[in-house]
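Those protein sequences? They're chains A and B, same order as listed.
Residue numbers for the first sequence follow my numbering, beginning at 1 and rising by one.
Residue numbers for the second sequence follow my numbering, beginning at 1 and rising by one.
Mixed in with the good hints there might be a few duds.
What the hints assert, rightly or not - Between beta-carbon pairs, the in silico distance windows are:
{"id": "1", "chain 1": "A", "residue 1": "232", "chain 2": "B", "residue 2": "125", "range": "39 to 47 Å"}
{"id": "2", "chain 1": "B", "residue 1": "94", "chain 2": "A", "residue 2": "230", "range": "49 to 57 Å"}
{"id": "3", "chain 1": "B", "residue 1": "101", "chain 2": "A", "residue 2": "319", "range": "28 to 36 Å"}
{"id": "4", "chain 1": "A", "residue 1": "292", "chain 2": "B", "residue 2": "94", "range": "26 to 34 Å"}
{"id": "5", "chain 1": "B", "residue 1": "84", "chain 2": "A", "residue 2": "282", "range": "44 to 52 Å"}
{"id": "6", "chain 1": "A", "residue 1": "292", "chain 2": "B", "residue 2": "52", "range": "26 to 34 Å"}
These are computed hints drawn from the structure, not numbers from a lab.
All C-beta atoms in this analysis are idealised placements derived from N, C-alpha and C, irrespective of residue type, glycine included.
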Amino acid sequence: MFRAAILPKLGAPEVLTPPLSSAQGTILHGGSLVFVSDGGLYRAALEAFEAELIAAEPLFEPVHAGSWIAARRSAQGGAPSHPDAIVLLPDDPARPRVVVPGQGLGIDPGHTAAVIASLDDGSIRRVDLASGEVAATSARLGGSMDPMMSPPIAVSPGGRQILVMETDGERGPASLVLHDLGSGDRKIMVGPIPAPSWVLGMFTPAGDVLVQVMRLGDSPRYTLSRLPKSGVLATLVDLAVAQPQSLPAFVTPDVVALPLSLVAHPIATYGPVDLVLVPLSGSAQIPVTKTGDVRGRARATSTALLVEGGSVLISVPRR
Amino acid sequence: MPRFPLLLSGLFVTPAHPVVATPVLRAPDGMEIHAPTIAAPKSLSKAALIAAAKTAPVPQRVQIGPTCGLYALGMVMDSWHAKDPQAPTVFVREEDSASPKQHNYPPTSPERMLGYAQGQGFTQLGEMFSAEKLAATAAHFGYQASLHEDVGLDRLYAILDKGHPALVAFDVDWNGNPGDSGGLRAHYAVIEGYLDLDGQRYVVAKHGWGVESDHVWRAADFEKAWRGMKQTEFYSKPQDGKLHAVPDGIALPKDGARHAIEKSLAAKIIEIVPAGEALVGGRVIGAPAVATRPGTIVGSPLAGSPLAASMAPK
Chain A
1 MFRAAILPKL GAPEVLTPPL SSAQGTILHG GSLVFVSDGG LYRAALEAFE
51 AELIAAEPLF EPVHAGSWIA ARRSAQGGAP SHPDAIVLLP DDPARPRVVV
101 PGQGLGIDPG HTAAVIASLD DGSIRRVDLA SGEVAATSAR LGGSMDPMMS
151 PPIAVSPGGR QILVMETDGE RGPASLVLHD LGSGDRKIMV GPIPAPSWVL
201 GMFTPAGDVL VQVMRLGDSP RYTLSRLPKS GVLATLVDLA VAQPQSLPAF
251 VTPDVVALPL SLVAHPIATY GPVDLVLVPL SGSAQIPVTK TGDVRGRARA
301 TSTALLVEGG SVLISVPRR
Chain B
1 MPRFPLLLSG LFVTPAHPVV ATPVLRAPDG MEIHAPTIAA PKSLSKAALI
51 AAAKTAPVPQ RVQIGPTCGL YALGMVMDSW HAKDPQAPTV FVREEDSASP
101 KQHNYPPTSP ERMLGYAQGQ GFTQLGEMFS AEKLAATAAH FGYQASLHED
151 VGLDRLYAIL DKGHPALVAF DVDWNGNPGD SGGLRAHYAV IEGYLDLDGQ
201 RYVVAKHGWG VESDHVWRAA DFEKAWRGMK QTEFYSKPQD GKLHAVPDGI
251 ALPKDGARHA IEKSLAAKII EIVPAGEALV GGRVIGAPAV ATRPGTIVGS
301 PLAGSPLAAS MAPK
């Protein structure tokens, strides 16, 4: 039985707009906005009207990784089979950057490790974010991931296990797979779920797993469930609406936040998307915004609940 | 740096609006006629509303590989072929004969769309980043094709009002609905019709993923994804393990590490009709006059080919 969730006290959401109009993938990092625009990756102070180019190369989808920024790098012509890479840019200019071949990226909640999976050879590498050392692991992707839409990788606290969606062929049945990076053991946690579908997992601070299952089609059904270490799956959210794909953020140990569509547009299978709080107690979801056009992924900091990854940053201060 | 407050919402979920159709009478140019509207029965099911909205329905083909444009063209061909068996219908790939998901009718030609498009330098793997070249492919296989460029939704409605399917490129999300990736997830769909509901306009569409029987999108969502086609990474990141160059039969300017696709895809409609049917408008696109490259199979539409005879209609 779950205990009643204590809801976080939040202030009014606000939108932080980067000073360049073509900004994409906006995140908050080190008190500044970091975003992609023409020519590379930029940084701008919150109140600034100018931005500083911090990496003049094709980096996309930046992610906050503690004292690093992790971003995908697009290949630039040249040799065939040249892979995409994940680039880790350190805040400390004296430290070298880290470049790891691969497309899939996950960061553990404590920012101690980054895990990078390659769609080319199935390899999974682990980066120690304290030392910057890259280590090959015994784990390998068993299925395939969509290179155009690489799903996020959930990394366990400490970075020893990951949860990743693997599909049986292009847009095939989806499974949620647990990989142990030390032993290389691979275990299907959920699935395969008949296509068209997707499934994402997330480790909870308590050691459970949150599972999102999206069954697409004429009658879509989305569930967010809690899979305890022992016990039965408990469904927390059950919606007949197609959902955006992102991992939830823990606002408190008992409450997660993520962009969700609670109702569909009339006659459509998708609807307006807002940032929503989901108590793990199973009580009702609580919309935090009501603009209906929230895009990106949630991240919780000690001072705010953020939606990152879009052309703007949404910040909801904690009170 | 601008900061804008967002309204904090209440704690309650707003229920979905009741589904009540509001048909609108239209002139051929797509303009509304301000005649008394006819209230649709409130009991009309979602499926019935969608069916009634489809002035240009097309049958489904499920794509294999990055071939959405060619399979969408195949759906348009199938819709015309269903009305007139003389209208050509063509397989995208040879393997399409093996599965009913990839075709609806026996082909009227032994030539395959993918081989033709590759031979012309329009594509590497089936991707079609030039709407004009997709129209040219339709013309090669015996259709009249036109390209409506930099047009608005009114033109889309005018084409649909004539009962013509509208082939369009747009940015797609993971679920097969309009996305906002600036063209990085460019995709083709066939718009089959439109409807108004609760003061909101929707379009009905089908595309090669086959996620839903018919997708229903808010027209505003579709328009944003249709106009928002800016760049592609297709030729700057590995596909099927290899990095492919831009095909030499299309022109895509470099845009940083990516290629610009706004001029070749955004806000365009490809109208395809069989011989004898008048086009609504647009710039007429003919089949390329230049012969294809060595090794490319070229054939004229052949009704009653041995392969066609071996297959029953779906």
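The hints, checked one at a time:
1. In this structure, residue 232(A) and residue 125(B) meet the distance hint of 39 to 47 Å, their C-beta atoms being roughly 45 Å apart.
2. For the pair residue 94(B) and residue 230(A), the supplied restraint of 49 to 57 Å holds, since their beta-carbon distance comes to about 52 Å.
3. Checking the proposed 28 to 36 Å range against residue 101(B) and residue 319(A) shows it is violated: the Cβ atoms sit about 54 Å from each other.
4. The given range of 26 to 34 Å is broken by residue 292(A) and residue 94(B), whose C-beta atoms sit roughly 46 Å from each other.
5. A C-beta distance of roughly 57 Å is found between residue 84(B) and residue 282(A), which places it outside the suggested range of 44 to 52 Å.
6. Separated by about 27 Å at the C-beta atoms, residue 292(A) and residue 52(B) satisfy the suggested range of 26 to 34 Å.
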